[in-house]
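K.L.:
Listed here are the chains, written in short residue letters.
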Amino acid sequence: MQIARALITRLITTLVTLLGAAVIVFVVIRVVPGNPIAMMLPPGATDADIDRLKALYGLDKSILEQFWIWIGNVVQGDFGMSITLRQPVYDLVIGRLPATLELSILALLIAVFLGGAAALTATLYRGTKIEGGIDVAGGVALSLPDFLWGLALILVLGVLWPLFHISGRVSPSLGFEFGSNFYLFEALARLQFNVVGDLIAHMLMPALALAIPLAAIILQLLKQSLKECMHDDYITLARTKGYSESSIILRDALPNAILPTLTLIGVQFTFLIGGTVIIERLFSYEGLGNMAIDAVINRDLPLIQGIVLVFALLFTLVNLVVDMTYAALNPRLRHA
Amino acid sequence: MSFLSIRDLNVSLANGAPLLRRVSLDVAAGEVRALVGESGAGKSMIGKAVLGILPRAAKVTGGSIQLDGEDLETLSPKARRQRIGARVALIPQDPLTALNPSRRVGPQITDRLVDILGWKRAEAEARALELLEEVHIQAPDRVMKAYPHELSGGMRQRILIASAFAAEPKLIIADEPTTALDVTVQKQILKLIREMQQRHGTALLFVTHDLGVVSKIAQSLTVLYAGKVIEETDIKAFFAGPSHAYSRALLAATPKYTDPDGSLTPVPDSVIQAVEAEIAAFDAGQMGTVRA
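In the order they appear, the protein sequences are chains L and W.
Just so we're aligned, residue 1 is where the first sequence starts under the UniProt record's numbering, counting upward by one.
Just so we're aligned, residue 1 is where the second sequence starts under the UniProt record's numbering, counting upward by one.
No lab work stands behind these hints: they were computed from the structure.
Don't be surprised by glycine CBs; every beta carbon is placed ideally from N, CA and C.
Check each hint, because a few of them may be wrong.
[What the hints assert, rightly or not] Quick list of the computed label-pair ranges, beta carbon to beta carbon:
1. W/L13 with L/R10: 26 to 34 angstroms
2. L/D323 with W/P101: 53 to 61 angstroms
3. W/G201 with L/R10: 54 to 62 angstroms
4. W/D182 with L/H231: 52 to 60 angstroms
5. L/S246 with W/H136: 48 to 56 angstroms
6. L/M324 with W/P266: 32 to 40 angstroms
7. W/H136 with L/T263: 46 to 54 angstroms
8. W/D261 with L/D323: 53 to 61 angstroms
9. L/G132 with W/A139: 14 to 22 angstroms
10. W/D68 with L/T128: 56 to 64 angstroms
11. L/R10 with W/Q198: 51 to 59 angstroms
[To be verified] If you want the footprint, here are the derived chain L segments under chain W, 3+ residues with CB under 8 angstroms:
12. 226-236
13. 252-260
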């Protein structure tokens, strides 16, 4: 009963958030200078040509009217046609979404693994040179934005020491036929490990570029929380029972220290998904973000709207998952 | 033959400031020894040094700690940890913070038995249930599944006592176990510790600043000032009349339940000055021995 009510509340807030995002993007892309008509017509088009095209795309109507038509269609599942690609927005977005999801999730996993391992190691060796070294590495990782890490990785692992592919998502030379757009997931499920290897060789650098700054943030917060926990009385009591430092950190400190980090990962994961826009461009990775940049350059209004809605939906879902995990991990919140 | 034997134990901070000054102390098997002193006298430090849980800034700089004839300082850190886990237990000061908030109570009692002493889980759980009944907890099977935040402070201290006795240790160090509790609960907990100690024949090192508590539980007593043993005696002799002026002043400063309206007698400045002079003289003597 309580859970049902919480879910309904959550659903309503999600809808309101999505509507807000829809309104903002709809208005903003119509208010900023530049419009799709100007991008489509050759130089020297007459005013009459412009008016004809505007009427064709409904751009002669008021913003309110346009919004009403669009939102009415969206509710029925019709996101319109892309102006430049001349395909349904829905198909385009759904086609590209798996690529971005796979990249973001891989980046998140790398970040959690790197940041978590570094924080645990630093806690185990606190007060020694190892902790100092990890702190310095974390500071460096945090001081550069993801796209600069991307460029640095391309230089080192793509050019100087070409271990990985610097562009694309999969080598066409493999000639592998995918049945879905979740390439990595599908290749894993079908146990095609050479394909998995090729996909990873394409995804690793963009994923690392996205993961490194997030790993540093996770490291700093988790290390701080762990350090505070290590002064708690139940840690001291566990020591008197005969447990080693490493098992105390993993079993007693980590579950208590992880909650703030979890919230942070949720927030930062949405930033990471935002970061895919530039990173996908940098690595010519065929994802949603790369398509978003093209859509903005071409003022492809329906496509921009569709992509932004999907991103907004993704963000609210991530927050929902974080809240649920939080309740699952913290016994004090469970009965509240 | 004493079970715990501390000889000339020195503990200092990294900057050399002494926390314990050549402390020697014995606890015989089954004996209850109280360790009293003001805040900062170093009474908790002794227990921490034995248990190997000194704060990072503090280090043992001399002396020996023998457990059942075995010098703890000669053991590897791992062997030392496991020896302590098997034979010594701690009843902590604050039951509200000494249980891990994200773990159920049951595993926090059984973990030492299973992970360190190699018991089977079912045996350890049966033992935990038995102990919870022994510390007068109703519905022990339900309490085993509870999280600490669902239980009161008194309940949690009972659980910690049960946990301390779980592995039948030879020695329990109780670090002001009633200080954080309500006065009414204090009395019950004290009675419980006494009762458990007698039933299991465990030696007890009872750290407290409350001389009223000492008279109820201990057979012998060590008075500490500024990390130095001032007086070591048995309870009867102490309450009949302590030999050291500081101990006498400390005893006089204890509020009397028979005279609740009586004004408190602080330890006089002259006594403090005398004992400080004694400490200074001791330190000077230490310097001499170091130079020689």
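K.L.:
Assuming the hint says 53 to 61 angstroms, is it satisfied by the Cβ distance from L/D323 to W/P101 or not?
P.N.:
Check failed, 20 angstroms falls outside 53 to 61 angstroms.
K.L.:
How does the coverage statement for the stretch 226-236 of chain L fare against chain W, requiring three or more residues with Cβ below 8 angstroms from a Cβ of that chain?
P.N.:
holds (count 4)
K.L.:
With a cut-off of 8 angstroms between beta carbons, are at least three residues of the stretch 252-260 of chain L near chain W?
P.N.:
holds (count 3)
K.L.:
W/D261 and L/D323, beta-carbon distance inside 53 to 61 angstroms?
P.N.:
Holds: the Cβ-Cβ distance is about 57 angstroms, inside 53 to 61 angstroms.
K.L.:
Is 26 to 34 angstroms a correct range for the gap between the Cβ atoms of W/L13 and L/R10?
P.N.:
violated, 53 angstroms
K.L.:
Taking 54 to 62 angstroms as the hint, is the beta-carbon distance of W/G201 and L/R10 inside that range?
P.N.:
holds, 58 angstroms
K.L.:
L/M324 and W/P266, beta-carbon distance inside 32 to 40 angstroms?
P.N.:
violated, 58 angstroms
K.L.:
Should the hint that L/G132 and W/A139 are 14 to 22 angstroms apart at their CB atoms be regarded as holding?
P.N.:
Taking Cβ atoms as reference, L/G132 and W/A139 lie about 51 angstroms apart, which means the hint is violated.
K.L.:
Does 48 to 56 angstroms hold as the CB distance between L/S246 and W/H136, or does it fail?
P.N.:
violated, 37 angstroms
K.L.:
Please check whether W/D68 and L/T128 have a Cβ separation lying inside 56 to 64 angstroms.
P.N.:
violated, 34 angstroms
K.L.:
Given a hinted range of 52 to 60 angstroms, is it respected by the beta-carbon distance of W/D182 and L/H231?
P.N.:
violated, 26 angstroms
K.L.:
Given the hint of 51 to 59 angstroms, check if L/R10 and W/Q198 actually sit that far apart at their C-beta atoms.
P.N.:
Once the Cβ atoms are compared, 57 angstroms apart, the range 51 to 59 angstroms for W/Q198 and L/R10 holds.
When the structure is compared with the earlier hints, violations turn up for hints 1, 2, 4, 5, 6, 7, 9 and 10 and for no others.
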